[in-house]
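Just so you know, the sequence shown maps onto residues 1 to 169 in the UniProt record's numbering.
One or more hints might be untrue.
No more than 30 Å apart at the CA atoms, straight line, and that leaves these computed lysine-lysine pairs for DSS-like [as the list claims (entries may be wrong)]:
#, residue 1, residue 2
1, Lys117, Lys62
2, Lys117, Lys136
3, Lys57, Lys90
4, Lys62, Lys44
5, Lys62, Lys90
6, Lys57, Lys117
7, Lys57, Lys136
8, Lys117, Lys30
9, Lys30, Lys44
10, Lys30, Lys62
11, Lys57, Lys44
12, Lys44, Lys90
13, Lys30, Lys90
14, Lys62, Lys136
15, Lys90, Lys117
Hints listed in this document are in silico derivations from the structure and should not be mistaken for laboratory results.
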Amino acid sequence: MSEARYTREQISNLAADVLEFYSNRQYPVKVLSITHNLDLQVFKTTFSRDGVSGMLKAQEAKIYVAESDGIRRQRFSIAHEIGHYILHYKGNIFAEKEEKKHISYRNNLSSMGFSIKEIEAIFFAANLLMPQDRVKELYEQRFSLYEIADFFQVSYTAMAHRFDFLGYD
1 MSEARYTREQ ISNLAADVLE FYSNRQYPVK VLSITHNLDL QVFKTTFSRD GVSGMLKAQE
61 AKIYVAESDG IRRQRFSIAH EIGHYILHYK GNIFAEKEEK KHISYRNNLS SMGFSIKEIE
121 AIFFAANLLM PQDRVKELYE QRFSLYEIAD FFQVSYTAMA HRFDFLGYD
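Please construct the entire structure, taking both the sequences and the accompanying hints into account.
Printed below as a string of structure tokens:
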């Protein structure tokens, strides 16, 4: 397994930059607006491979999401593929970098974190859709996990993982 290319702090900062630059930190995050600003197109499709939730064809600037997934899962898949695009294809979008050919898939194994790139993309998506400072603020105001998931328009499962990662019960 290769070494991590980014620290958690770097990924959090990149996600915060994207939020600041492309969405003015409005919630729920408008992932389609971000993809539009990054010149990425998003398509809903049926994948021939079981369990695939999303795919990035970076050199074509296209993201595909499973049309059979619910909207909240699709939002996370789009954020995940934005993470791949920025972290593993474009590099820091706020500094010029050489482009490379890249195709990335998001599937059920991705959420288990089987590769460094997948872990980085998942962490980016979580920080983009559920920024730590905003989650903390809502948690401290005693909103329930379900209410916070609704606020961010993410699945209960994604919010539960975020709570667990941030050390909230």
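Cross-check of the supplied hints:
At most 30 Å may separate the alpha-carbon atoms for a hinted pair to count; Lys117 and Lys62 meet this at roughly 18 Å. Distance hint between Lys117 and Lys136 is fulfilled; the C-alpha atoms sit about 26 Å from each other, no more than 30 Å. For the suggested pair Lys57 and Lys90, the alpha carbons sit about 12 Å apart, so the restraint of at most 30 Å is met. For the suggested pair Lys62 and Lys44, the alpha carbons sit about 11 Å apart, so the restraint of at most 30 Å is met.
For a cut-off of 30 Å, the pair hint linking Lys62 to Lys90 stands: about 13 Å separates their Cα positions. Between Lys57 and Lys117 the CA atoms are separated by roughly 15 Å; this keeps the pair inside 30 Å, and the hint holds. With a C-alpha separation of about 34 Å, the suggested pairing of Lys57 with Lys136 is violated against the 30 Å cut-off. Only pairs whose Cα atoms come within 30 Å are accepted, and Lys117 paired with Lys30 is accepted, the gap being roughly 24 Å.
About 17 Å separates the Cα atoms of Lys30 and Lys44, which keeps this hinted pair within 30 Å; it holds. The hinted pair formed by Lys30 and Lys62 meets the criterion: a straight-line CA distance of about 17 Å does not exceed 30 Å. Of the pairs offered as hints, the one joining Lys57 and Lys44 holds, with about 14 Å between alpha carbons and a cut-off of 30 Å not exceeded. For the hint linking Lys44 to Lys90, the alpha-carbon distance of about 23 Å falls within 30 Å, and the restraint holds.
Our distance criterion of 30 Å between C-alpha atoms is met by Lys30 and Lys90, whose separation comes to about 21 Å. Between the alpha carbons of Lys62 and Lys136 the distance comes to roughly 33 Å, so the proposed pair goes past 30 Å and is violated. Between the alpha carbons of Lys90 and Lys117 the distance comes to roughly 14 Å, so the proposed pair stays at or under 30 Å and holds.
When each numbered hint is compared with the structure, violations occur for hints 7, 14.
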